[in-house]
Structure formats: C-alpha cells, structure tokens
Amino acid sequence: MSNALKLMAPENMPYVDSVREFDYPAAAVFRAHSDPGLFQQWIGPRQLTTRIDTFDCRPGGTYRFVQEGRDGRHHAFRGVFHTVRENEFVLQTFEYEGYPDVVTLEFATFQDLPDGRSRLTGRSVYPSIEARAKFLADGMESGIAAGYEQLDELLAT
Amino acid sequence: MMSNSLKLTVPEGQPFIDYQREFDFPVADVFRAHKEPDLIVQWLGPRGLKMDIDHYDFRTGGSYSYLHTGPDGVAYEFSGVFHTVRDNEFAIQTFEFGGYPDVVSLEFLTFEDLGGGRCRLTGHSVYPSQEARDGMAQSGMEGGMTEGYERLDELLSGAAAGTSATGQPEAGKVRA
Numbered sequence: 000m001s002n003a004l005k006l007m008a009p010e011n012m013p014y015v016d017s018v019r020e021f022d023y024p025a026a027a028v029f030r031a032h033s034d035p036g037l038f039q040q041w042i043g044p045r046q047l048t049t050r051i052d053t054f055d056c057r058p059g060g061t062y063r064f065v066q067e068g069r070d071g072r073h074h075a076f077r078g079v080f081h082t083v084r085e086n087e088f089v090l091q092t093f094e095y096e097g098y099p100d101v102v103t104l105e106f107a108t109f110q111d112l113p114d115g116r117s118r119l120t121g122r123s124v125y126p127s128i129e130a131r132a133k134f135l136a137d138g139m140e141s142g143i144a145a146g147y148e149q150l151d152e153l154l155a156t
Numbered sequence: 000m001m002s003n004s005l006k007l008t009v010p011e012g013q014p015f016i017d018y019q020r021e022f023d024f025p026v027a028d029v030f031r032a033h034k035e036p037d038l039i040v041q042w043l044g045p046r047g048l049k050m051d052i053d054h055y056d057f058r059t060g061g062s063y064s065y066l067h068t069g070p071d072g073v074a075y076e077f078s079g080v081f082h083t084v085r086d087n088e089f090a091i092q093t094f095e096f097g098g099y100p101d102v103v104s105l106e107f108l109t110f111e112d113l114g115g116g117r118c119r120l121t122g123h124s125v126y127p128s129q130e131a132r133d134g135m136a137q138s139g140m141e142g143g144m145t146e147g148y149e150r151l152d153e154l155l156s157g158a159a160a161g162t163s164a165t166g167q168p169e170a171g172k173v174r175a
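Respectively, the protein sequence lines represent chains A and B. Going by numbering that gives the first Met the number 0, the first sequence opens with residue 0, and the numbers climb by one from there. Going by numbering that gives the first Met the number 0, the second sequence opens with residue 0, and the numbers climb by one from there.
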C-alpha cells in the first residue's frame, strides 16, 4: 500500500515518530481528528467500538473515550488539548487509564500535498524509555495502522 | 533551618530534567502554594520578576496562562494545561514559553509527606527534543527555580507565623 504508516522509535530516546499520507486534503483529515462524531468511527484497531465521553478539540479542551472489544473489556483514554490550529497542528496529552499517570504528549502536524493529498506527521513523547517500550509491546503500531485504514474508508464515503 | 537546596539533574543524552526540593512545611501547604493563584504569584520564578496571571485553574482539565515581566519591562508568557491534579499528591501539566511556540514540555510533580511537618517535591520534565531540553537547561532555569523555592519558603514562613503559635517570629517577615 502506498500510504503505509511509517513508525520510528529512535534508540534510547523516549519518542515514537510517525508519518502517514492520505489521498485526501489536510482539512478532511484534520476534521476527522477534531469532530467527535467522525473520530469515533475510525480511531483504534478494528473490532473495537468507541464511545465518546467528552471531546472538546480546542486549546484547553478535554477529551475522554472508551473502547470496548469483543471480549467485553473496556479501555479508556483521556487527555487535554494544549494547542489546536485548524487544518495544521494539534498538541494534546494522552493517557491510557490502564497505565495511570503514564502520560504522553502527542504532536500532530497536518500538511497539504499536491493533488488533494496530505501528510500527517506525529511525535509521541513518553515520560520514560520504559513507558515507550510498554506501549510499543502492546501492539500500538498495528492499532494505529488499522485506525488509519478505517480513516481512509471513512473519507472515501 | 535544614539544608533544603534544589537538586537538579540534567541526564546526558536524554531529553529529561529531574529535580527534588524539600521543605520544612507540610505537604498540604506546599501543594496549596501551587494551587492557589493568589499564592503562586508570590513565589513562582526568580526574584525581580512580576507575575500577572491571565488564568490559572489548577485542577484536572484546567489550564493556565501568565506573564512574567522583568525589571527591564520585557514580558515572558507561559501557558499550559493541567492533565491531572490530585490534591496534596500529584500533578501533570504541559508547559510552553511563548518565545518558543510549540516547544511544549510535560511536567510531572509529586508532593510527598516526609513526616515531622516536612515534605518533598519531586519533578520530572520531558522535552519534545534533545535540543529543547538542552536549551532549557542552559536558560538559567536552575537559578530561577532556586530563587522561586526560596521565595516559597519565605511565603510559607510568613503564613506559618501568621496562623500558628509555633511559627518563628523572625522567619515570619515576608520579603517586601
């Protein structure tokens, strides 16, 4: 697939960097990240259903969503938006409530490319190398990859 | 007074800054001095700076923004959000200096009761790049934090003298 997720975990640094291109404009990809009704349709791996508790995508706004798997287990995520610039940049905190207080900082840059395409560049900043290792071991890469495939499908409709 | 000096650690090749500071005051007092806008304006940052709060809402999901103005009239803006606040225990917040937009750090603050009316504050700051960490470490932050915590000691000494019979009268003078 030409728009495959590139995920990089630089050695001995508490970061995960990602690049993903889309055959859709930055404004469409941004809207799918900032509109809770759209976000809940694509975020996370397949087979999970997402319920939004709160989702206020503006500087100082908060969010929380709960995902339920087919095994009936719930996974809740929450954070605060530090910066939101429409169609351009989002910076937010992120916590999986299953790992309390292991909070990350998520940078997302939305960039238009020629021909109605766009690129999403991410950096996740972890509080320790160990915390990063835990998230990587939890299947983070396949979850993100599957989420973006669902985002492609959503934007195609 | 015991030696409560700031211990600041800048690990080689990792984008972190860690610090510890003990206080001869109960954890609830030190926490309150971080939570109440009317108190934090009296001690945060180096001496000689005036702090003006735009908003400061120290609770889970809250946010803050303030200006530090130096004697030369130059103003520095700082802002962020509070991801987690647990009273007398723990806080996580983002931190951005307006002079370096989007170079945001994440700050973990642990408040710990040491018994005997003393407490320890432990901080862990995480930067979005090694360059950002190095720049912050070289910005004079250690001196600014050292002075800020000295001002916090002075503030709490004044509060203790004003409200408790055990306060040391000579320590009760709040610096003008």
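Quick caveat, the hints were computed from the structure, so don't treat them as lab data. Just so it is clear, the structure is predicted and the values come from calculations on it, not from any experiment. One or more of the hints may lead you astray.
[What the hints assert, rightly or not] Result set (SDA-like, lysine to any residue): computed pairs, CA atoms no more than 25 Å apart in a straight line:
1. A/Lys133 with B/Ser124
2. A/Lys133 with B/Thr109
3. A/Lys133 with B/Gln129
4. B/Lys34 with A/Asp137
5. A/Lys5 with B/Gly147
6. B/Lys34 with A/Asn2
7. A/Lys133 with A/Asp22
8. B/Lys34 with A/Pro99
9. B/Lys6 with B/Gly147
10. B/Lys34 with B/Arg46
11. A/Lys5 with A/Tyr95
12. B/Lys6 with B/Tyr18
13. A/Lys133 with B/Gln13
14. B/Lys34 with A/Gly121
Hints, verified against the model:
1. A/Lys133 with B/Ser124: Holds, at roughly 20 Å.
2. A/Lys133 with B/Thr109: holds, 22 Å
3. A/Lys133 with B/Gln129: Since the Cα atoms of A/Lys133 and B/Gln129 sit roughly 22 Å apart, the hinted pair holds (cutoff 25 Å).
4. B/Lys34 with A/Asp137: violated, 36 Å
5. A/Lys5 with B/Gly147: Judged against 25 Å, a Cα distance of about 44 Å means the pair is violated.
6. B/Lys34 with A/Asn2: violated, 46 Å
7. A/Lys133 with A/Asp22: Roughly 32 Å separates the two Cα atoms, so the pair is violated.
8. B/Lys34 with A/Pro99: holds, 22 Å
9. B/Lys6 with B/Gly147: holds, 14 Å
10. B/Lys34 with B/Arg46: With Cα atoms ~20 Å apart, B/Lys34 and B/Arg46 stay inside 25 Å; holds.
11. A/Lys5 with A/Tyr95: Given pair A/Lys5, A/Tyr95 holds - Cα atoms ~22 Å apart, limit 25 Å.
12. B/Lys6 with B/Tyr18: holds, 5 Å
13. A/Lys133 with B/Gln13: Measuring from Cα to Cα gives roughly 18 Å; hence the hint holds.
14. B/Lys34 with A/Gly121: violated, 32 Å
Checked against the numbered hints above, the structure violates hints 4, 5, 6, 7 and 14; every other hint is satisfied.
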